[in-house]
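Note that the protein sequences, when read in sequence, are chains Z and G.
Residue 62 in my numbering sits at position 62 of the first sequence, with consecutive numbering throughout.
Residue 93 in my numbering sits at position 93 of the second sequence, with consecutive numbering throughout.
Rather than coming from a laboratory, the hints here were simulated on the basis of the structure.
Please note that the accuracy of each hint is not assured.
For lysine to aspartate or glutamate, the following DMTMM-like pairs were computed, each having C-alpha atoms within a straight-line distance of at most 25 Å [to be verified]:
{"id": "1", "chain 1": "Z", "residue 1": "K42", "chain 2": "G", "residue 2": "E100"}
{"id": "2", "chain 1": "Z", "residue 1": "K42", "chain 2": "Z", "residue 2": "E30"}
{"id": "3", "chain 1": "Z", "residue 1": "K42", "chain 2": "Z", "residue 2": "E93"}
{"id": "4", "chain 1": "Z", "residue 1": "K202", "chain 2": "Z", "residue 2": "E149"}
{"id": "5", "chain 1": "Z", "residue 1": "K42", "chain 2": "G", "residue 2": "E108"}
{"id": "6", "chain 1": "Z", "residue 1": "K87", "chain 2": "G", "residue 2": "E147"}
{"id": "7", "chain 1": "Z", "residue 1": "K42", "chain 2": "Z", "residue 2": "E211"}
{"id": "8", "chain 1": "Z", "residue 1": "K42", "chain 2": "Z", "residue 2": "D86"}
{"id": "9", "chain 1": "Z", "residue 1": "K42", "chain 2": "G", "residue 2": "D101"}
{"id": "10", "chain 1": "Z", "residue 1": "K202", "chain 2": "G", "residue 2": "D101"}
{"id": "11", "chain 1": "Z", "residue 1": "K87", "chain 2": "Z", "residue 2": "E211"}
{"id": "12", "chain 1": "Z", "residue 1": "K202", "chain 2": "G", "residue 2": "D153"}
Computed from a prediction, not measured in an experiment: that's the story for all the values here.
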Amino acid sequence: MRVSGRMLVIALLYLSNVSLFLAAAQQADEIVAARVLGPQWKQVSRRAGMIFAGTLLSTASQGDATGSAGAVPGPIPTIQLTFRVDKAIAGVEPGRTVTILEWAGAWNMQRPMTQGEHILLFLYPPSRLGLTSPVAGSRGQIALDQTGENLSHTVFEPASGIASRSGPAVKSQLTATGAPGTVSHATVSPVSVPPVSVAQLKRAIRSARSEQGRP
Amino acid sequence: MIRQIIRRRILMAAVLLGCGAVVCRAGGPAFVAGSGYNSGVEGQPLIWANGSVTYFTDQGNLSPILSNTQGNAFVATAFSAWTGISGTTLNVSWGGQLAEDVNGSNIETNGFGVVTAPADITASATGTPVGIVYDYDGTVTDAILGEGAGDADECFVDAV
């Protein structure tokens with residue numbers, strides 16, 4: 001009787017240690033997620049329809065800028081992006097190829113991506129027109145290192161928002177001294193961060209989504 | 001000993017000033033010309049011709065609580081924050097209204113996978129170089145950025 005009582009105490013101590021360890025690990029993951037994605041990280045995680053770490057395979061422009069005259073609707077230029085899903089977090093399956101269509105205006109506001117680059121993406125569910133983009137602009141687009149396992153040591157600070165929805169949406173047509181073409185970001189602010197793994201973020205994201213009953 | 005401390009302090013002050021200079025460095029163009037521009041201009045800043053911007057505003061209301069007129073005043077005030085900076089040579093003027101109330105119903109697909117919008121807010125509309133859309137209910141943002149992007153709690157990051 002005394003032995004089984006002692007065993008029970010030991011088991012309880014063991015369980016409490018394990019739960020304390022798990023709680024500490026979860027808290028650590030959440031701190032990391034907040035540091036990388038900002039204080040609204042839970043909202044970003046829950047808002048996304050697709051979250052994955054992937055490799056950019058190709059980009060293709062669609063819709064020309066020749067437009068139309070008068071009242072006839074004109075095309076909106078879009079970019080077709082194809083990714084290989086390396087690590088699925090939500091809304092996609094690992095190993096699959098995902099092709100998305102993004103409005104070129106949104107694409108130009110983000111940090112440039114190059115073919116072969118590993119990236120962690122939080123994407124809105126596609127609109128009724130099939131368009132999507134990273135959640136919260138550049139905040140939903142995180143560069144990974146060459147292994148695709150960790151965040152890039154240098155994370156580029158996302159562009160800040162300009163105005164609210166109640167504020168205006170501006171169709172900017174910046175003109176250089178030549179014909180319109182693609183634009184490049186002139187300045188981005190690199191911010192050094194300690195190593196963060198995709199696995200850590202994945203745990204935090206899944207935990208945040210499960211709080212709302214989302215897979 | 002005192003001399004050493006003073007020397008260290010001077011060195012420290014110099015380092016801090018140096019760091020400050022790096023942190024405080026501002027300005028520079030937001031965008032530079034990339035591929036597709038005329039040869040020879042790649043890498044050059046994108047600028048407004050003659051430093052002059054003419055913008056056009058939506059016919060609809062800005063939001064359920066801000067009318068079209070209030071929206072126009074809001075936009076004018078926003079521009080004046082930039083044009084009012086001393087030394088600025090940028091001129092901004094209101095060119096009038098767009099030809100329509102841009103909303104979710106006139107952002108469509110043409111049936112061949114091409115997304116279309118009213119002609120005067122597309123990239124080819126040189127007559128209305130800056131079109132300002134009042135996304136009354138977020139449906140325009142939803143249509144072009146993805147479902148949920150036009151929600152009120154996303155507004156600070158998704159207005160473009």
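Notebook entry, point to check: CA of K202 of chain Z to CA of D153 of chain G, is that 25 Å or under?
Noted result: 23 Å, holds
Notebook entry, point to check: Does the alpha-carbon distance linking K87 of chain Z and E147 of chain G stay inside the 25 Å limit?
Noted result: 23 Å, holds
Margin query: Checking one constraint from the list: CA of K42 of chain Z to CA of D86 of chain Z, max 25 Å. Satisfied?
Written below: This hinted pair holds, its Cα atoms lying about 22 Å apart.
Notebook entry, point to check: Does E100 of chain G lie within 25 Å of K42 of chain Z when you go C-alpha to C-alpha?
Noted result: 38 Å, violated
Checklist line | Holds or violated: K42 of chain Z to E108 of chain G, with C-alpha atoms at most 25 Å apart | finding: Violated - the C-alpha atoms of E108 of chain G and K42 of chain Z are around 32 Å apart, more than 25 Å.
Item checked: Pairwise hint evaluation, D101 of chain G against K202 of chain Z, where the allowed Cα distance is 25 Å at most -> Distance of about 42 Å is beyond 25 Å: violated.
Notebook entry, point to check: Would the pair K42 of chain Z and E211 of chain Z pass a check requiring their Cα atoms to be no farther apart than 25 Å?
Noted result: 10 Å, holds
Margin query: Run the distance test for K202 of chain Z versus E149 of chain Z: straight-line Cα separation, threshold 25 Å.
Written below: Given pair K202 of chain Z, E149 of chain Z holds - Cα atoms ~11 Å apart, limit 25 Å.
Notebook entry, point to check: Quick one, are K42 of chain Z and E93 of chain Z close enough, alpha carbons at most 25 Å?
Noted result: 22 Å, holds
Check: Between K42 of chain Z and D101 of chain G, does the CA-CA distance stay at or below 25 Å?
Finding: Status violated; Cα separation ~35 Å.
Next item on the list: Assess, step by step, whether the Cα of K42 of chain Z is no farther than 25 Å from the Cα of E30 of chain Z, and give holds or violated.
Entry: 9 Å, holds
Notebook entry, point to check: Taking 25 Å as the top limit, are the C-alpha atoms of K87 of chain Z and E211 of chain Z close enough?
Noted result: Satisfied, since the Cα-Cα distance of roughly 21 Å is no more than 25 Å.
Checked against the numbered hints listed earlier, the structure breaks hints 1, 5, 9, 10; every other hint is satisfied.
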